[in-house]
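Asker: From first to last, the protein sequence lines stand for chains A and B. Take 1 as the starting number for the first sequence in the working numbering and just add one per residue. Take 1 as the starting number for the second sequence in the working numbering and just add one per residue.
A portion of the hints provided could be inaccurate.
Pairs of lysine-lysine residues, derived as DSS-like cross-links and limited to a Cα-Cα distance of at most 27 Å, are as follows [said to hold, decoys possible]: (1) B/107 with B/340; (2) B/312 with B/191; (3) B/107 with A/60; (4) B/312 with B/37; (5) A/60 with B/208; (6) B/314 with B/107.
Sample of chain A residues lacking proximity to chain B, with all beta carbon distances greater than 12 Å (derived) [what the hints assert, rightly or not]: (7) 23; (8) 27; (9) 91; (10) 103.
Think of the hints as simulated: they come from the structure by calculation, not from any bench. C-beta atoms are modelled at their ideal positions from N, C-alpha and C, and glycine is treated no differently.
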Amino acid sequence: MKEAAKQAGQAFNWQNVIESAPVNDVSVNGLSLALTGMVIVFVALTSIAIFIACMPSILKVVNEILPPAGPHIPHRKAKPASAQPATTDDDTQLAVAIATAYHKSQGGA
Amino acid sequence: MEILQGFWETTGVANIAGLNLIMMLIGMVFIGLAIRKDYEPLLLLPIGFGVIVGNIPPIEGMTIGVYDEGSVLSYIYFGVKEGIFPPLIFLGIGAMTDFTAMLSNPKLILLGAAAQLGIFVTLLGALYIGFAPNEAGAIGIIGGADGPTAIFLSAKLAPDLLGPIAIAAYSYMALVPVIQPPVMRLLTTRKERLIRMAPPRPVSQRQKIIFPVVAFLICALLAPGAVTLVGMLFLGNLLKESGVTERLAETARNALIDIVTILLGFSVGCSTQAQTFLTPESVQIFVLGAASFAIATACGLLGAKFMNLFLKEKINPLVGAAGVSAVPDSARVVQQVGQKEDPHNFLLMHAMAPNVAGVIGSAVAAGVLWSVLLPLVPTP
């Protein structure tokens, strides 16, 4: 496309800015495009800036409806006292029994 | 003997052209700049090596090159060609960006907007030179100083110019400390450079969580072409700020962005072949790129000076230069230039506000250009 424009003697020509050579039967006005683009960028970022400036007021209302949550602590269920694993008691009792038998075998009281 | 003769004719040594050798030398220069001078090493090193790989002469009948359908390199390049990699990089950028500075002083966002004028002035310059509108749009986005955005838009509007545009964008991002200070000193007085700004106000966590959602809606509804880039940017930021997806944020800003950077840089380098890179158009692109950075810096500075006409609490105009979205290099340059005048003037956090606003602004500009110029991409 650029080669075609150059060959047509249109390189370094302000006419290209005002009205580009048509591509797919469409031409573009560069100045309008630049202006429109800048307006959209400014509107978008200005809207964001306005929203951020208004956020403290918005949050005052939101905080009344949805108070900020406390620190996130994972919920853990407390274990019931009766639900102690039996194996631990069995092992302990077994160990005591072995120790007692050994002690007696060594002539202890 | 005939077998040896036949084998010799298939080797790269027999088929290499002088231009390919020049490109390989350029690739080695990029690698040298990355290692010795620390010029954007995360991109320039893979790009430089990719340039060397991409300029090995193709062998007839073997699908090896990046443009050979079915080759490994073509599958990697698919992520660039179809615009997949840049949004993934934006996801990582969002996960590592702190918008606190912007949230605490929202008027500085307008400086990020002002700097994007560099994109559109460069577009006009490219049209004047004789580039087609779709090519001019892809060249103009260099002024946004945003590598992923430049690659994304070039892949959509002017794939043939992707190589020179990507290399121009990343080269000038590395040269921000060289390009910006003279413009900053030229357009500001000493009295203006000494302006001290009030400390930023505190920002709640709730604000940081709500911001990415609402900002995305504003940008996407105004410029739907920006949905991909802006959506991934703010998704990454929400992953970071929500506090409940730290694993995902950690992955996005470390492993994911590193993987995509390697693949993107390497495949962009491979696509930069002598026939498409060593052309007068590439030189023009490089000249326009340098101009775009200078114009963007100037527009940000002048935007700050214009705002000061209406403000009681003045903005240090140097902060406007940080609207060029080379994060965080241009903010760092503002800090350095400000401290040369007053070593106790800390402008870095203030400069981060227009710096990150510039990322949003350049993505919105890319969305606008993509939606307007897509019908002008020549049909094959």
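Asker: Decide, hint by hint, whether the structure agrees.
Answerer: Hints and how they fare:
1. B/107 with B/340: holds (25 Å)
2. B/312 with B/191: With Cα atoms ~16 Å apart, residue 312 of chain B and residue 191 of chain B stay inside 27 Å; holds.
3. B/107 with A/60: holds (21 Å)
4. B/312 with B/37: Since the Cα atoms of residue 312 of chain B and residue 37 of chain B sit roughly 43 Å apart, the hinted pair is violated (cutoff 27 Å).
5. A/60 with B/208: Between residue 60 of chain A and residue 208 of chain B the Cα gap is close to 15 Å, so the pair holds against 27 Å.
6. B/314 with B/107: holds (11 Å)
7. 23: Violated, since 5 Å does not exceed 12 Å.
8. 27: Given that some Cβ of chain B is not farther than 12 Å from that of residue 27 of chain A, nearest at about 8 Å, it is violated.
9. 91: holds (38 Å)
10. 103: About 54 Å separates residue 103 of chain A from the closest Cβ of chain B, which puts it past 12 Å; holds.
In this structure, the earlier hints numbered 4, 7 and 8 are contradicted, and the remaining ones agree with it.
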